[in-house]
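Participant: Read off the chains here:
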Amino acid sequence: MAVLEVDDLTVNFYTEEGVVTAVEDLSFRIDRGEKFGVVGESGAGKSVTALSLLRLIERPGRIESGEVRFKGEDLLSMSESAVRDIRGSEIAMIFQDAQTALNPVYTVGEQIAEAIRHHLDYDDAAARERTVRLLDDVGIPEPEARYDDYPHEFSGGMQQRAVIAMALSCDPDLLIADEPTTALDVTIEAKILDRLDRLAAEYDTAIQLITHDLGVIAEVCDRVLVMYAGRAVERASVEELYYDPKHPYTVGLMSAIPRIGDRQDRLQTIPGTMPDLVEVPPGCSFHPRCPFAEEACTRTRPQLVDPATGERAGPDERSAACLAYTGDLDGELDYEVEVRGRDVDPVGEESEPPEPDGGGIERGADPDADSEGESNE
Amino acid sequence: MSDAREPLLEVEGLTKYYESGGGIVDTLLGRSREVKAVDGVDLELYPGETLGIVGESGCGKTTLAQALLRLIEPTAGTVRYRGEDLTAASDDRLRALRKDIQYIFQDPFSSLNPRLTVGDIVGEPLDIHGIASGEARTRRIYDLLETVGLSQRHAHRYPHEFSGGQRQRIGIARALAVDPEVIVCDEPVSALDVSVQAQILNLLEDLQDEFGLSYVVIAHDLSVVEHIADRVGVLYLGEFAEMGATGDVFGPPHHPYAEALLSAIPEPDPGWEGDRIFLSGEVPSPLDPPQGCRFHTRCPKVIQPEGSSLSQSEWRSLLDLKQRLRDAEALESVTAVAESDDGAAEPTALSRAELGERVRAEFDLPSPVSDGEAERVLSEAVDRLHDEDFDAARATIDDAFESPCERTDPPLYEVGDGHRIACLLYDEGYPDAPERTGQR
Amino acid sequence: MSSERGRIRITGFDADAVERREPLSDWTEHREGETESRWERGWREFRQNRSAMLGLYVVAAMALLAVFARPVTVAGVTVQPFALAPYRPDAILYVQGLDVSAYEAPSLAHPFGTDGSARDVFSRVLYGGRFSLSIGFIVVFVTAAIGLVYGAVAGYYGGWVDEVMMRVLDLIFAFPGLLLALIIVAVLGKGYWELVLAFTAIGWAGYARLIRGEILKVKENDYVTAAKALGARDRRVIFRHVVPNAVAPLIVQASLSIGTVVIGVAALGFLGLGLPPGSAEWGTMLDQTRETIVQGPGGTIPWWVTVFPGGAIFLFVMSMNLIGDGINDALDAQEGEDVARGGEV
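Residue numbers (the working numbering), protein chains in the order written: chain A, 138 to 514; chain B, -14 to 425; chain C, 83 to 427.
Everything labelled a hint here was simulated from the structure, so no lab data went into it.
For every residue, glycine included, the Cβ atom is placed at its ideal position computed from N, Cα and C.
Heads up, a few of these hints could be off.
Claimed, not checked - Examples of chain C residues toward chain A, derived with CB under 8 angstroms: (1) Ser84; (2) Glu86; (3) Arg87; (4) Gly88; (5) Ile90; (6) Arg91; (7) Gly94; (8) Asp96; (9) Ala99; (10) Glu101; (11) Leu106; (12) Ser107; (13) Trp109.
Given the sequences, and given the hints that come with them, work out the whole structure.
Facilitator: Next comes the structure, spelled out in structure tokens:
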């Protein structure tokens, strides 16, 4: 059951330098309790997407078109007060910089309790109790004492936990987390992601996790959307994305990250930089940086299609926006993904039997199966 | 591997303390406190190699990096470059040495003067040291820009017109202008996007090959360090916890902190299921670092006293209780929060048995713990807590639960060829210490 | 499931192939176009601000009128021969044989009428611009310069140097400004340079504090550390890196202060403590007309002797404020620019 459905969302910014299309024709779905990742680099439009979901886009930005259906109702056509009721109680958001999310002149406990009192109509004592329990849930030690502390008395990791507590305080159905752990140390990040995972399962909250960190996505998410220059370029389950990426940008990203245990001398890179959204390259916006690009790529903008069939894909299906899958390219996408312990081939072919170290023969997860993957150890 | 060559850069006992808090009045009254940012660090950098220094926030890496070049004045210790003592050098000599040791900054947006053109920025070192002027200077600037992957037509533009990755290239060009031998790179790629990170890392490696540079790379991202560094040092609260060749440090044996750090790195592989080690508590403040081994307050492998038969996790929990008790003034600090909404009593109103339960729940201690003596002490402490006599409870626990790790700050022990770990587990004095990582 | 890291390896994404091939389309990464420095951009922003430009035109016009009001001779040589003002500002027309009496209403011959001593108000207002404008600019220039150096030294060096210098500044702030100005004028007598001194004596303190604050911020930027890492001497670091980036608020403050100084001078003039009575300085002119403001029944108020000088003060200060705001907006817009560029979208 879908908790969020986004259809053809387009957001423009009217700046001095021209019209910037920050997000164009974006569609995706998040199911109840699902952990959905949005990956992209800076300038890809991920944060703008998140803000538009909650109608937090201000001038010079404007949501041009599209529908954002939350539990069936279109958020974009609701009244301002209706949206305000939903914000914070049914859809909650966490930002990268916890310090700016917390008001420095109120105690942490008070801020969380206020949200509870406002949305859930609890009385003071009950709200305080619930807040203390939440602070404990997110792993803040001595929660009764910490209730009366001010944000500056918390460390960075604790502040982010407090923000998570505030977000979860009213049992939201959807939690949007925009780079929640990017500013934190990796040991704290590990604890917070673990906590977030467990809390989401416990409270049955769906999470939309926005980040550029591919490690975090692999760890937390069930399904992923890859964005480039304001558009979605690939949609897949997390296993499919890592073991069988279809879009050249995804492939490029995956090859560019330094991986521990991989003794490569040089990293493969994606040449150039993400284009300035004021002037996006014609056709496929990735073509100036794509090693597989051809002339056709400069003329037609690829739609999100099912890589197996080449047909337009629904917002829920495996898809990639590349002309290679609609048969318009002369050449092949000849990259290769090797996974020790399993053999995976690009472009949907069956694979060889694996090495004798006992890895499974399965060639990548079946999108309909349970997301845990199927390798038999 | 490292013994035969002479180190290019040799650091001994480098220390930097900052005064914190208050102004003139507090300092005069002797009331200011010291932030021990870097506390007695030794390292060597050999020609042509890349030394990585990793650590999390608050460990002192940037302070260390800047103290290496005396951009910050060290409080104590020496830095020797080719045998010459940098720390005692005169201002003029130091200025001349700036041609040999350069620095690259983390933030591409604040490391370039927005009022100067790119050409001026890259040309400034040439002006300061009188390396080139006029036509030759312009030629050199263009060469430098091309070396780092930019073009000469960028020279008359201003920094705000460039992306983060390009600005970082400009910073690199500026550092290269003086033809240095050593470049200290402070988080050179952390502010950049993934695809751009790879470009800059490759550029740094290419420049190293082309110009025979040696790097000291500070980073918090271990995957980047593993890729680029030949040797690695892991910094925790101003001291090195582990130091050695990259392969050695990233594999067992480990310092417990390094082990936890490595286990925490998210792997870009959904099928990966490594053993995550979660560290209890927070990084202590450098204003007041722990006694003895600085990591003992969070170490999952902290050593038990002789004869103890507790499980390691029980021992860790007991030490957590001890730490929490140190500052506790109210029973809430040491008891678990009530599970349900209704009728949960205040900790002060609990019976002795219930208090005992709630304390154990907070610290995940079973009832009873595996060691009889420890169980007795714990019980007694809870009795004192029930009487709300915090001082007595503290005294009981402090006496009984003390780890050798609290008494001694371990030096770096040699565990392999050039591989050193600062942990008592690797000291022969503790043969029956719990499982060391990777051995047994 | 595996606990081995680095299992995945991807090959075949050849970045070099991209760099070697011919560009596929006309699109280029770097937008060619005019490059402009911060100052150029600030000027462009300023030009687009209509009220600021209006202020600029008015002030320029007033300056020109002041310069060309009467001939200027320097060391016996007439540098400026024009005289827009028909009469000398101190000419008592009646005495000169003209058929003009005191407090004559505005007419074609005397567009602003005559004042209580039968002097042409129009000429006086035009000429008086010299005092107000010049004192305003000179005082602000001198105070800003002193304040800049003082604040830069304190801010850059920090430590006890900063502490001591700031405590001295605290002492200066403790003095009530106008009172000190009054005392100086009372002690040294009335006159042009005495007035300048009176305003300069403590006027620089505000700039010093302002610049020190900016410098404390700018000092933290990496490019300052970078300059030191390159081996730059303090002088170069301060004048090439720190000051140019810290000076913007000072400029804004200075442009707004000109109006304040002019009003201050006028105020002292109005109190009879500025320039000698009879000077064509606008405030001093108002001092002379004080008694004329209230007339009993049956009397007519010679409104022109108050309105025109007062109006001149108002016009000038208003225009300077518009300019100051314009500069503020133009330079302000640049501050957030880098952050927006580098942040996430």
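Participant: Taking the hints in turn, state whether each one holds.
Facilitator: Each hint tested on the structure:
{"no.": "1", "hint": "Ser84", "in the structure": "holds (5 angstroms)"}
{"no.": "2", "hint": "Glu86", "in the structure": "holds (7 angstroms)"}
{"no.": "3", "hint": "Arg87", "in the structure": "holds (4 angstroms)"}
{"no.": "4", "hint": "Gly88", "in the structure": "holds (3 angstroms)"}
{"no.": "5", "hint": "Ile90", "in the structure": "holds (5 angstroms)"}
{"no.": "6", "hint": "Arg91", "in the structure": "holds (5 angstroms)"}
{"no.": "7", "hint": "Gly94", "in the structure": "holds (3 angstroms)"}
{"no.": "8", "hint": "Asp96", "in the structure": "holds (5 angstroms)"}
{"no.": "9", "hint": "Ala99", "in the structure": "holds (4 angstroms)"}
{"no.": "10", "hint": "Glu101", "in the structure": "holds (6 angstroms)"}
{"no.": "11", "hint": "Leu106", "in the structure": "holds (5 angstroms)"}
{"no.": "12", "hint": "Ser107", "in the structure": "holds (4 angstroms)"}
{"no.": "13", "hint": "Trp109", "in the structure": "holds (4 angstroms)"}
In summary, the structure agrees with every hint in the numbered list given earlier.
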